[in-house]
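Enquirer: Sequence:
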Amino acid sequence: MGAPSAGGRLVGGRYRLEEPLGRGGMGIVWRGRDELLGRAVSVKEVLLPPGLSAQEQDVLYRRTLREARAAARLDHPNVVLVYDVVEENGRPWIVMELVRARSLGDVIREDGPLPPHQVAEIGQHVLAALRAAHGAGVLHRDVKPSNVLLADDGRVVLTDFGVAAVEGDATLTGSGTLLGSPAYIAPERARGARATAASDLWALGATLYAAVEGRPPHDRGAAMATLTAVV
Numbered sequence: 018m019g020a021p022s023a024g025g026r027l028v029g030g031r032y033r034l035e036e037p038l039g040r041g042g043m044g045i046v047w048r049g050r051d052e053l054l055g056r057a058v059s060v061k062e063v064l065l066p067p068g069l070s071a072q073e074q075d076v077l078y079r080r081t082l083r084e085a086r087a088a089a090r091l092d093h094p095n096v097v098l099v100y101d102v103v104e105e106n107g108r109p110w111i112v113m114e115l116v117r118a119r120s121l122g123d124v125i126r127e128d129g130p131l132p133p134h135q136v137a138e139i140g141q142h143v144l145a146a147l148r149a150a151h152g153a154g155v156l157h158r159d160v161k162p163s164n165v166l167l168a169d170d171g172r173v174v175l176t177d178f179g180v181a182a183v184e185g186d187a188t189l190t191g192s193g194t195l196l197g198s199p200a201y202i203a204p205e206r207a208r209g210a211r212a213t214a215a216s217d218l219w220a221l222g223a224t225l226y227a228a229v230e231g232r233p234p235h236d237r238g239a240a241m242a243t244l245t246a247v248v
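Residue numbers for the sequence shown follow the working numbering, so the first one is 18 and each next one is one higher.
Hints may contain errors.
Quick list of simulated restraints, FRET-style, between CB atoms [what the hints assert, rightly or not]:
| hint | residue 1 | residue 2 | range |
| --- | --- | --- | --- |
| 1 | D170 | E127 | 15 to 21 Å |
| 2 | A153 | G107 | 26 to 32 Å |
| 3 | P133 | A215 | 41 to 47 Å |
| 4 | R126 | P37 | 35 to 41 Å |
Source of the hints: derived by calculation from the structure; they are not laboratory data. C-beta atoms are modelled at their ideal positions from N, C-alpha and C, and glycine is treated no differently.
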């Protein structure tokens with residue numbers, strides 16, 4: 018896939034895209050600017066895999082909107098704030114707080130494992146974010162090092178509710194469909210059960226293990242082998 022080329026584009030008549038910050042399972046996150054309020058923002062551009070039917074595209078669009086609704090319900094210093102959701106060319110773009118940070122995943126990969134006392138402190142902040150989310154009926158479902166941001170201002174922030182599930186919302190995938198990252202999925206989810214708050218906590222434990230040891234506890238290098246080890 019070539020480099021993103023939407024830089025300079027105005028989204029929703031208000032948000033100017035500047036440069037890509039990263040790519041995830043549901044698209045590209047851009048650094049942008051809110052031209053109405055004159056502030057820096059991040060903008061999540063949803064990219065769909067090729068070959069999807071119209072119905073499948075609709076499901077993914079609704080799931081993206083659900084992500085925004087889920088995150089917008091949370092107002093907590095350890096959760097990335099969602100400012101706005103706009104539709105451009107028939108698909109949603111999510112406008113969020115711009116957090117200047119490195120992900121925990123980047124830190125582990127580039128600097129190596131962290132000392133246990135620092136990892137324990139990071140864990141306390143992520144746990145606070147999950148407590149706030151679970152209290153609002155929101156499950157993250159994809160806690161992993163790349164979704165934990167170590168901000169330049171000292172905050173620890175949980176981001177990317179891309180596969181978040183809101184309790185009471187309509188289920189968009191069957192219970193047998195696995196969403197999340199294999200090395201950080203709780204055993205019951207690997208067996209096809211629905212996610213729970215406990216599943217998020219298990220993923221947090223695997224994340225903190227990876228931060229101390231340099232790799233997740235059940236990583237076997239391939240998705241199916243890893244899932245088998247988790248179970």
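Enquirer: All hints are to be evaluated individually against the structure, with a verdict given for each.
Expert: Hints versus structure:
1. Roughly 20 Å separates the CB atoms of D170 and E127, a value that falls within the hinted 15 to 21 Å.
2. The hinted range of 26 to 32 Å is satisfied by A153 and G107, whose Cβ atoms lie roughly 29 Å apart.
3. Between P133 and A215 the Cβ separation comes to about 23 Å, which falls outside the hinted range of 41 to 47 Å.
4. Distance hint check: the CB atoms of R126 and P37 are about 19 Å apart, inconsistent with the given range 35 to 41 Å.
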